[in-house]
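Heads up: the protein sequence lines correspond to chains A and B, in order. Counted from 1, the first sequence has number 1474 at position 302 by the working numbering; the numbering is strictly sequential. Counted from 1, the second sequence has number 1218 at position 46 by the working numbering; the numbering is strictly sequential.
Just so you know, these hints were derived from the structure itself, not from any lab. There could be a bad hint or two in this list.
Since the list gives no way to pick one copy over another, a pair counts as held whenever it fits inside one copy or between any two copies.
[Stated by the list, open to error] In silico SDA-like links for lysine to any residue, alpha-carbon gap of 25 Å or less: (1) LYS1393 / GLY1321; (2) LYS1197 / GLN1230; (3) LYS1273 / ASP1312; (4) LYS1273 / GLY1315; (5) LYS1395 / LEU1503; (6) LYS1273 / ARG1292; (7) LYS1258 / MET1238; (8) LYS1197 / PRO1235; (9) LYS1491 / ASP1337; (10) LYS1202 / ASP1296; (11) LYS1258 / ASN1316; (12) LYS1202 / SER1299; (13) LYS1491 / GLU1314; (14) LYS1258 / GLY1205; (15) LYS1258 / GLY1321; (16) LYS1273 / ASP1289; (17) LYS1258 / ASP1277; (18) LYS1491 / GLY1448; (19) LYS1491 / ASP1365; (20) LYS1273 / ASP1560.
Number of protein chains: 2
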Amino acid sequence: MSLFVQKYGGTSVGSIERIEAVADKVAGFKAQGHDMVVVLSAMSGETNRLIGLASQIQENPDPREMDVLVSTGEQVTIALLSMALKKRGYDACSYTGGQVKILTDNAHTKARIQSIDVERMRRDLDSGKVVVVAGFQGVDDEGNITTLGRGGSDTTGVALAAALDATECQIYTDVDGVYTTDPRVVDSARRLDRITFEEMLEMASLGSKVLQIRAVEFAGKYKVPLRVLSTFDEGNGTLISLDEEDNDMEQPVVSGIAFNRDEAKLTIRGVPDTPGVACRILGPVGAANIEVDVIVQNISAIDGTTDFTFTVHRNDAGKALGVLQRVADELGAREVISDDNIAKVSIVGVGMRSHANVASRMFEALGQDNINIQMITTSEIKISVIIDERYLELAVRALHSAFELSEPKITE
Amino acid sequence: MSLFVQKYGGTSVGSIERIEAVADKVAGFKAQGHDMVVVLSAMSGETNRLIGLASQIQENPDPREMDVLVSTGEQVTIALLSMALKKRGYDACSYTGGQVKILTDNAHTKARIQSIDVERMRRDLDSGKVVVVAGFQGVDDEGNITTLGRGGSDTTGVALAAALDATECQIYTDVDGVYTTDPRVVDSARRLDRITFEEMLEMASLGSKVLQIRAVEFAGKYKVPLRVLSTFDEGNGTLISLDEEDNDMEQPVVSGIAFNRDEAKLTIRGVPDTPGVACRILGPVGAANIEVDVIVQNISAIDGTTDFTFTVHRNDAGKALGVLQRVADELGAREVISDDNIAKVSIVGVGMRSHANVASRMFEALGQDNINIQMITTSEIKISVIIDERYLELAVRALHSAFELSEPKITE
């Protein structure tokens, strides 16, 4: 007998019909003898409806009151699912975040979970009840309602699975798993049976929007096996779990190709190459609350100056350009250039760590298609390149093929 | 400086515009230096929308889960009003029933308040905040969400006023006070400036649907001055307070005329007049969960039998008739008659206690208009008669005029 924590997202509970379908699914697991904890999001559209009410009053309403307001969305769905389970003859009990004491800090609208009191849930599970918990919400130590930010229901699911030492945390969504890359770009993209937490983190942050990053980090930290599945189709989905080093030999070198069109590239040219110059450039950018992704600085030219390039989110490009122009004046730099027409393509895989020549295989594949690489950045399990946006699809297809990702893995 | 607890009903907070208007009203009181606690209902229509969702799943959903579901309605409005107050520069903080520990029994969907922890509200009031509390809800001693039943927000208002020892509990609604009778029946019906708790109870239970009876009982028990006012018009409304015996001399004999068309009359004729017969008739009626209102039994006829008549809610008449026919067979009674075409008209007033001849004045007024009285029942501050429904309006107008209710009272 296993204990599963299942999380269903907004589209999965978007209507009474769909809530009934979720009840059927949960009842099926319960009938097989499993202990079940179910975490729910608000009905799709409901959170936006509530935010819309608030925005009629004020553009930036009080965050504490926003949390009181939007946390009602999940409270509605947990009650409805519990009713649907009871109708099917399964005992069920719903709980808000506060009622199962999901204690968070007091950073309203983006709170972080600090602890969970499992005593009441354990008692319910022991007496055969299905426990239904509102995702996305908690309370601070003064009893104020907090929310974990958009997508926080995934985090609730993982946190409950960790606290209850569940067999698996299953995230039901409208895709049937994690793919080697976006199937809209590569026809032969394949669903992965397994992926490691680290790979998933790189895939997620690079634009495969299946799971909230925070939930994956949390799952990795507490070693909670995490499975992504479709609410609407059958299938085993993708299991995200620890890297099993024993299987290293059988592991593919690259697990997936991630990409991202949301960035812009900024270059400051002819900067005097003196110690502390990187800080003098990026300090003001950070102070302006702009997040920087890829950073490249090459060795200095013969004239003692260097070029400094980095990428930011495209929405921040204008703001970053303004900051950079002031910095350029102060430093006596030659010029500042900004470029929106770029894309980032990354190969991700824990197998890279034990395989040489992965980078050269990547560059070779891109070179064969005459795709110019503008920037390169690497980590233990990831190599990213910045290229002209026009070549994005071509690059993804070339790499998917070069690393033979359409072929099933050797391991299960 | 006073402490006011103000309760606004569903139509008063039925849209963002109206919530903004309530915020203006509350801000006005706060600006005058008063401490303010505001109790809100759900936006009009919202509770029914939520009940509609549940009824799509099951006709009689689990009561605990119903409470989790419908309590979200008030949680939405308290957040929105707090935002609107903050926008106006007034510090405000919203609380669910659970957050201010409105402890109830565990009778879901019709719970009763047992205690309230005022510590947190006191702290907020002392620091100048407006405290905004969700009406209609509480928690039981295990932390389960409970609701007080329809109209329970009035009760929340009164309970908070009692717990906080407020100057006054002000119930804002869509009527501007309590009238001598229904203005749709008598043009010259007049708003009362004051009425006693006892009178209000008699008026409310007899069909003047301004306030929830439970709230009035509660206010009377804890001596909380209760004022009914209109959200939409200016004016002082009607103050419901203790009977001030000193003013007896100046008090009018009758304060108002209440009436009710919702009853049906049942008579069992030719019952042997033996001890215990009333119980043998009404016992089975009560056992069938039918509430009985007026009961009349006259002295027995020469043949040793008597007639026994009582009224029930019109919806229960058919059921009651069935019960009564079985009883009649057992008792060997002559026949059972039921009559739907009746109405109850009552005069209400604490002044009655010290004035003779009130009853005869009532009967005289009805007699002058040839209205036949079918049943009579009296209490200390009320006389009710059952008449043919056709004469209801005529009777109300005759009594309103006979007791000079169109004239302003002598006292304020």
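These are the hints, each one checked on the structure:
no. : hint              : verdict
1   : LYS1393 / GLY1321 : within (20 Å within a copy, 46 Å between copies)
2   : LYS1197 / GLN1230 : between (41 Å within a copy, 18 Å between copies)
3   : LYS1273 / ASP1312 : both (9 Å within a copy, 16 Å between copies)
4   : LYS1273 / GLY1315 : both (9 Å within a copy, 11 Å between copies)
5   : LYS1395 / LEU1503 : neither (48 Å within a copy, 76 Å between copies)
6   : LYS1273 / ARG1292 : both (10 Å within a copy, 19 Å between copies)
7   : LYS1258 / MET1238 : between (32 Å within a copy, 12 Å between copies)
8   : LYS1197 / PRO1235 : between (36 Å within a copy, 24 Å between copies)
9   : LYS1491 / ASP1337 : neither (46 Å within a copy, 56 Å between copies)
10  : LYS1202 / ASP1296 : within (14 Å within a copy, 46 Å between copies)
11  : LYS1258 / ASN1316 : between (30 Å within a copy, 17 Å between copies)
12  : LYS1202 / SER1299 : within (13 Å within a copy, 51 Å between copies)
13  : LYS1491 / GLU1314 : neither (39 Å within a copy, 52 Å between copies)
14  : LYS1258 / GLY1205 : within (17 Å within a copy, 51 Å between copies)
15  : LYS1258 / GLY1321 : between (30 Å within a copy, 22 Å between copies)
16  : LYS1273 / ASP1289 : both (6 Å within a copy, 20 Å between copies)
17  : LYS1258 / ASP1277 : between (34 Å within a copy, 23 Å between copies)
18  : LYS1491 / GLY1448 : within (23 Å within a copy, 91 Å between copies)
19  : LYS1491 / ASP1365 : neither (42 Å within a copy, 64 Å between copies)
20  : LYS1273 / ASP1560 : neither (49 Å within a copy, 60 Å between copies)
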